[in-house]
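Trainee: Heads up: the sequence lines are chains A and B, in that order.
Taking this note's numbering, the leading residue of the first sequence gets 1, the next gets one more, and so forth.
Taking this note's numbering, the leading residue of the second sequence gets 1, the next gets one more, and so forth.
In case anyone wonders, no lab produced these hints; they're calculated from the structure.
Warning: the hint list may mix true and false statements.
PhoX-like mimics (lysine-lysine), calculated; alpha carbons at most 25 Å apart, straight line [said to hold, decoys possible]:
id, chain 1, residue 1, chain 2, residue 2
1, B, Lys373, A, Lys110
2, A, Lys225, B, Lys341
3, A, Lys67, B, Lys373
4, A, Lys116, B, Lys373
5, A, Lys183, B, Lys341
6, B, Lys173, A, Lys175
7, B, Lys28, A, Lys116
8, A, Lys110, B, Lys341
Cβ-to-Cβ under 8 Å is the rule here; a few derived chain B residues that face chain A [claimed, not checked]:
id, residue
9, Cys61
10, Ile63
11, Leu106
12, Ile125
13, Met127
14, Lys130
15, Tyr131
16, Ile157
17, Arg169
18, Pro201
19, Ala204
20, His205
Ideal Cβ placement from N, Cα and C applies to all residues, glycine included.
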Amino acid sequence: MGDKPRIGVYGFTGCAGCQLAIIDCEDQLADIFAAADIKVFYEASSSNDYDAEVDVALVEGSINTDKQLEELNYIRRKAKILIAFGSCAHHGCVQGMALGDGNWEERWRKVYGDIKMEVAQPMEAQPLHKFVKVDGWIPGCAPNTTQMLRAITSLLNGHLPTYTNSPVCLECKFKENDCLLTKGQLCLGPLTMGGCGAACPSHNTPCIGCWGVIEEANHQAELKKLIKEGFTEEEIIRRFRLFAGSDYVDKVKKLLEEV
Amino acid sequence: MKEINVKHLARVEGDGGITVEIDGDQVKKVNVDIFEGPRLIEALAEGKNPMEAASFTPRICAICTVSHKNASIRASERAVKFEEPKKTYYTRELMHMGEMVESHSLHVFALALPDFLDGGYPNVIAMVPKYGDIVKQALALKKFGNRMMQVLNGKFIHGENATPGGFGRFPSKEELIEFKNTALNFIEFMCTATDIFAGIPMPAHLERDTEYWACNMKDYDGKERFGFWGDELICTDGTIIPSEDYNKHLIERVVPHSMAKRSLYKERPFSVGALARLLTIGERLTGKALEYYKKYVKPEWKKNIIFNNHAQAVEIIFCLERIPELVDILLAMPEDPAMTKPTRTEGRGVGAVEAPRGLLIHDYTYANGLIAKANIITPTAFNLDDCEAFIRKSAETLNKEGKEVDFMRFEFEKIARAYDPCISCATHLVKVFKK
């Protein structure tokens, strides 16, 4: 066991899909368990050493209770490398769609009423980097198998995972799909990080932006095109809000003013 | 007070915990604690259109993503009146089969079976040296379920191909034939595996009377059959209600020790899931699935949630037999229907489906084409009260028998895991306090 990299897989607020993406590597699961010294992986195993130091912490989910924040700080102290594992950990994903709009308490009351929680104190969901230093990122909602294996292989060999630095739109072109934007659909492919192989546009359904926004893109051209197709600013912002994280929504608002 | 603290309940999807306090011969407290991060999905659903709701609500849970997708689609299509063409209906059912096969095979073989073989294994990989063939086949079966979801929903986890109005892309003839042949190839393995599971003695210390709820499945033409959704709900006490009246009968409440809501029927807890389906509509099964239903389902199953594991195994057999039927139905309909559109902008719709771990409800009220109010109840929320009740019964029995705390803790974990809970977003914690 001695020389194998020690790995911990941890989950916070999300759908547990990033951890499931590891279990979904059916053909390689036994190899992964053999190549790494897996210290913590609650979703897959009941043999866990929560207090162990680890070389790599794969942390799924965003943080939205005081207890989770305590645990995240603890994991950060135990881990040499901390990876934001998936969209929730990286930029907040769906539960972060309204982050910072000032209405969180109203939403809380709508769902839970006036009850006082004993288990933990809830707060608005935020991505990991708002609280701790994050060393790397595995994008995806959820990461696909190819990407998972590439990332895990990199980490097992002492490298940080790399990600696709081109948009979904490029992968869609490579597949020679009909462009959904030109068919008047609200497709976020030109602005969304690739790596999924243009999964949704390849099924004639528009990209919803679930892997987060790619910086290197012509944001203004996309927004102009969408306005020209007759989408309202409200619709465009609403669509971005679903997955892109609140930081990016502010940027879109500014760009829309310019457009 | 004697205190035993097992930090995490493992091999469940998401994070949850159990606290049991025993004082002498009294079981003082049984709490299934959910520290679930409150994501407030229902509040966030407000202001969304049908397509957006179907995109983001499945993010509630990775392993039930297709169930959430179908529930969201059904709620929106009923609320603002989309037409559902026959081919769309059956393709959705086929997609649902993919999730059932994937989720059930993951739970039965990788999450539950390690509890029962040879006194317990920590995980499925640890079973490989002795049970390599079963593990290999089980993972191949799980992969098949994923393959179906990838083709039919666009990705293993959180695809977008299925949307209100239809499918972006319908499966090809070749893909359908591949599904049929693969399913047929797994039936024998699944029957053998079910026999193995059924041959392992199961604990009886949790036995108690309770009721179960499931969807009253009807076919496209309205004929009753076994399956995973319905506009009616059916109870083991014989009661049948329209799905949209769920909130008049299955009363939701909030408790301070759980971020997940709870539900009661006639002021008593109840259960949902594979066992609930077999106990309510199981006699509608056909073929091998019916044979296995008759062979193994006994009156004591109704008193013991551990048999939810076995019920899932029988349901995998059902799915493997249903997939070829669905393929034949779809092959006879070569024309792909066009995407249908909403025909009104206001109204309420309830989408009731059976997720692998039980009844799932999406309830949307639309105004001006956007959701004005949403309520979503997940199977684990329905199950938590009954899960506590089974653990309480188990604690009382085992405490009377003078069992060690370590033994009791493992038994409580087995009960919680039998529900195949899907408590995405919470911290795992099992605590047993004994005075």
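Trainee: Which of the numbered hints are not met once you compare them with the structure shown?
Mentor: Structure breaks hints 3, 8, 13, 14, 15, 18, 19 and 20.
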